[in-house]
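Chains as they are written, first to last, in our numbering: chain A, 1 to 95; chain B, 1 to 342; chain C, 1 to 252.
Check before you lean on any hint, since a few could be wrong.
Ranges between beta-carbon positions, derived for each pair [claimed, not checked]: (1) A/N5 / C/A216: 37 to 43 Å; (2) A/N47 / C/E181: 55 to 61 Å; (3) C/R191 / B/Y256: 47 to 53 Å; (4) A/N47 / B/S22: 48 to 54 Å; (5) B/S221 / A/P74: 45 to 51 Å.
Quick caveat, the hints were computed from the structure, so don't treat them as lab data. Glycine residues also receive a C-beta, built at the ideal position from the N, C-alpha and C atoms.
Chain residues, written in single-letter form:
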Amino acid sequence: MADDNWPLYEVFIRSRSGLSHRHAGSVHAADDQMALDHARDVYTRRNEGVSIWVVRSSEIVASDPAESAAFFDPADDKIYRHPTFYEIPDGVENL
Amino acid sequence: MYTQGLDQSGAKAEQASAAECSADLARFQSRVDAEEKIEPKDWMPEAYRKTLVRQISQHAHSEIIGMQPEGNWLTRAPTLKRKAILLAKVQDEAGHGLYLYSAGETLGTSREQMVDGLLSGKAKYSSIFNYPTLTWADVGAIGWLVDGAAIMNQIPICRCSYGPYARAMVRICKEESFHQRQGFEIMLELSRGTREQKDMAQDALDRWWWPSVMMFGPSDSESKHSAQSMAWKIKRFSNDELRQKFIDVTAPQAEYLGLRIPDDDLQYDATSGHYRFGKIDWQEFYDVLAGNGPCNRQRLRHRQKAHDDGAWVRAAARAYAEKHDRRSRPSQTRAAAGQGHG
Amino acid sequence: MDKDDALFRYVLRLGDNALVLGQRLSELVTQAPELEEELANANFALDYIGQARLFYSYAGELEGGGRSEDDFAFLRDGNKFRNLLLVEQPNGHFGDVTVRQFLFESFYALQLEALTRCSAPRVAEIAVRAVKEIHYHLRHVSQWLVRLGDGTAESHSRVQRSLDDQWRFTGELFAVDEVDEAFEREWNGPRLAELEFRWNDKMDVALQEATLVRPAAQWMDGGGRRGRHTEHFGYLIAEMQFLQRAYPGARW
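Please work from the sequences and hints to get the whole structure.
Have a look at this one:
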């Protein structure tokens, strides 16, 4: 028997030009167009959006929090990637 | 406020905890103590997850059921402006329910399961919505008192440990403040109106005061479950603290309106800086919680009917989407994605 | 009738259509088939009430008798309302509502587009705002018409029945009377014959996509714009106007 429940979509809103889309929450919808309309009705009633992305939740690929140590920590000790690591002598400009 | 009935699940939760390794629990607790947010898919004790699912879904159900008593006066609102404002408020409540169901779904339950819980009677919702709205003044009283109490409860939850719930609450709190103001404005207009309007306002206050005070729930000393929720930063203040704050803030507002709060023992105590108040009849609260309130049956049946009446509609939408492989408007879908790049 | 009289009467009709639909859609709150649809419905009701307020306020100014938007909404008896019969029909099920909205909004969108070009500046101004809202409504209900028509066997037969039941109210949309003629002549108003032509095209396209059969030509009901309503109307205004009638003169 067909599942009549509407699938879940994640909603991302760009609130103003110049900003990125941010995750706002989720809505249920039967199809993509409906998902866009629902996202607009639920998340932009107070002029909070200029652009909306919706994605089926099942299609989001996410990093696993259990692996976050291996995934993210190696970036931690490569402090030479940050400009503040470097000392610029007085008198040198534009660096 | 949304944790009614949770003590019954206490025993099962303890069993689950025993199986969890104490190092994991300690690590989790230290994250919470450090005010770190717990996000979906992070490790969490089973009891934490269960409590949150229950609390968040009951909060969501409260918003949805709460649309009914207020929606009851939508078609009879006395001016076009009041009609529009009330419509916007009730619409917000649907939206709040939605944000909360959305937060609940991040914990591994589905909207369908949560709604089933409500319709089967297993899940609770705030008992205040089991009272009837008998006059236009009730709409004002609900905005002023019930939303007032809800705001007091909700602001601390904006800092709760579970990320999606906290973020949903921030959104809700931003929208909520107009709700209380519109209620107070209605009461103000009535209290400055005709004799009949003043009586209408007083009558509404007489009926809504004690249920509003009871909204915060019984004293925490009666609930062993409260302590755990505090430790996990799901609950930030005790029921009694919030209730006292509500009474302290609201009593002067009633005075301003020229209305009498139906409590002979209500009195400002200059030494403590708080209002003393009368004894609460908790029997009424437990009766309503157990399903024996004026509107319990009616509220659930109404919700059930909407759900049942909508089944053929939901099925049709799914059937159509399947027939057309969900990309029913392919060019629009690509265009929408194209707008978003960069 | 004179130029100003035509304007006043035309604006009142626009206000009445908007108010009655706003009221009907308000009745649907807490009854939507899914929570997301609750929010959409409330938006539509708010749009209509907003439009009613704008049209009524303007009507009050034109009349010059001091009547407010609320006076028009709450203190006129049924036979003074000038809305179409289609908009006062009771809600029924979701298919009935979808069809009613689709039939009316396909027309209203065309009417508003034409009104943005009329020579009554306030009407044109209101129309510019309203047409954006109604385009969004129309997109929403058109999609639903197709989903229901081309969904399941049950949804198809339900919505075909809704269409068959309500078709007899569509004639009134295009029945030209002296107010329409005067407004067209004096204020560069819409030509109903032209709107009808374009509406019929829209019907053919939409009904085909929805796999629905266009009802045959039939007797058309009418009279709303002369204040002759269906039996439903009395109940609608009794509920809506109750408080103002029970407490005359009170402020809310």
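A quick look at each hint next to the structure:
Distance hint for A/N5 and C/A216: a CB-CB separation of about 39 Å, consistent with the stated range 37 to 43 Å. The beta-carbon spacing between A/N47 and C/E181, approximately 41 Å, falls outside the hinted interval of 55 to 61 Å. For the pair C/R191 and B/Y256, the supplied restraint of 47 to 53 Å is violated, since their beta-carbon distance comes to about 58 Å. A beta carbon spacing of about 50 Å between A/N47 and B/S22 agrees with the range 48 to 54 Å that was offered as a hint.
Here the CB-CB span from B/S221 to A/P74 is close to 50 Å, well matched to the stated 45 to 51 Å.
Taken one by one, the earlier hints fail for this structure at numbers 2, 3, listed in ascending order.
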